[in-house]
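Got chain A sorted already, so can you dock chain B onto it with the hints?
Residue numbers (our numbering), protein chains in the order written: chain A, 195 to 344; chain B, 1046 to 1184.
If you're looking for bench data, these hints aren't it; they were derived computationally from the structure. Positions of the beta carbon are idealized from the N, C-alpha and C atoms, including for glycine. Treat each hint with caution, since some may be false.
On the chain B side, residues computed to face chain A include the following (Cβ under 7 Å) [what the hints assert, rightly or not]:
id, residue
1, K1113
2, F1137
3, Q1139
One side of the interface only, derived from the structure: several residues of chain A facing chain B at Cβ under 7 Å [unchecked claim]:
id, residue
4, S208
5, V220
6, M222
7, G226
8, V229
9, T242
10, E320
11, A323
12, K325
13, V327
14, L337
Read off the chains here:
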Amino acid sequence: MKVFILPPNSLILSDLVERAGHEPLVLMKKIGERVRDPEIDSPPLNITDKEPKEGLRYAAIEVPAGVRGRLGLIGPLIDEAEAAIILHDAPFSAGCVGCARTEDLLKYLIRAKFIPTIEVIYPHDEEAAKKMVKDIMDFLGSLDRSNGAD
Amino acid sequence: MKDTQTRVIVISPDSILTPEVLRNTIIKKYKVTVKETCFGVYIEGTDDKLKDIVDDVRELDKNGIFSKSRGFPIGDVRVCRSTRKGGPRPGFHQLDAEYKLLPRIRAGLDAMDRGEEIPQVSDKGKIDIKILSKIIEET
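Same shape as in the complex, but just chain A:
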C-alpha cells in the first residue's frame, strides 16, 4: 500500500513503512524528479509558477502562494495515498514543511480523504518510543500489502 507520512521527509517513518513492506510516499521523490529534470532552470529554487496553480486544487486563491506552492508539491502525494501516518508535537527542527498552516492543511486533506490513518505523538522517552513503534507497526501490519513495495 502507498502510505503518506507527515513530516513528508521523515527518515524514521519512511523506514518503518518500508520495513513493513509498504511504499512510503515521501517528498524526496518529488524533489528528486524536479532536480533531475533538465527543463527546470534553476533548482533548488525549483518552484515554478506551475506549483501555486497546482496548489489551487487544494487551497483557495486567498491562501498565500507559499502555502499553495507547498501543497502543489505535497498534495499530489496525498491524492495517491491509501493510508497515512501523522506525527504530532515534533520539535521545530523535525519536519521540512516549514509552515504551520501548510501542515494544518495537509492534516485536513488527509482526514478529509477518509483513508486509514494513525496519529502518533513524538516520543520524548524510551517507553513512549516503544509504544509509538508498536502502534505504527501494528497499524502497518493491518494494512493490505497488495500494492506495496514488495
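Same frame as chain A, but now just chain B:
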C-alpha cells in the same frame, strides 16, 4: 538519469557499526556510487539495486540501520555547503533531530522482536490552569 535514485543510509548512534564498514561492505559487492558521511553513507544507483543494498546491509545490524530516499544526487553543487558559502545543508536539521531519536526507535523495534509487552503510556496532557497559577504564585 531519471532512473537513478539516491538513498541515505543512517547508522543509529548506539550501533557498533561505522560508516567505513558500511561503505566497504557495499563497494565490495555492488557497483554503485557510495559516499561515506559522518552518520552513514549515501548510495546512488537504480531503485531496485538500492533496495537490495539496503536489505543487504540491514543484515549487519537489523534494527540499527535506517534508510530513506534523498532528493538531490551525491555531490550536487546546488546543495553543497562549499558553493552555498557555508551553513547547514538543506535537510540537515531534520536528519539531526531524527538521528538523536534512533536509539529509542531501535529500542522499540528490539522490544517488538522480543515480543515484549509494551506498557501503555499515560498521556499527561496539558497542565491544569489552577496548578499553573499555583506555581506562578509560589515563585
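The hints, checked one at a time:
Interface restraint check for K1113/B: the shortest CB-CB distance to chain A comes to about 4 Å, inside 7 Å, so the restraint holds. The closest approach between the C-beta of F1137/B and any C-beta of chain A is roughly 9 Å, which is over the 7 Å cut-off, so the hint fails. Checking Q1139/B against chain A by beta carbon gives a least distance of about 6 Å; that is within 7 Å, so the hint holds. About 4 Å separates the beta-carbon of S208/A from the nearest beta-carbon of chain B, less than 7 Å, and the hint is met.
For V220/A, the shortest C-beta to C-beta distance to chain B is roughly 6 Å, which falls under 7 Å, so the interface hint holds. Taking 7 Å as the C-beta cut-off, the interface hint given for M222/A holds, the closest approach to chain B being about 4 Å. The criterion of a C-beta within 7 Å of any C-beta in chain B is met by G226/A, whose closest approach is roughly 5 Å, and the hint holds. Among the interface hints, the one on V229/A holds; its C-beta lies about 6 Å from the nearest C-beta in chain B, closer than the 7 Å criterion.
Look at T242/A: its Cβ only gets to about 16 Å from chain B, farther than 7 Å, so that hint breaks. The beta carbon of E320/A comes within 5 Å of a beta carbon in chain B, closer than 7 Å, and the hint placing it at the interface holds. Look at A323/A: its Cβ gets to within about 3 Å of chain B, closer than 7 Å, so that hint holds up. Annotation: K325/A was flagged as interfacial toward chain B, and the flag holds, the nearest CB pair being 5 Å apart, inside 7 Å.
With 7 Å as the threshold, the beta carbon of V327/A comes within range of chain B, its nearest partner Cβ sitting at about 3 Å, so the hint holds. The interface hint given for L337/A is broken, as the beta carbon of that residue sits about 17 Å from the closest beta carbon of chain B, more than 7 Å.
Hint violations for this structure: numbers 2, 9 and 14, all remaining hints satisfied.
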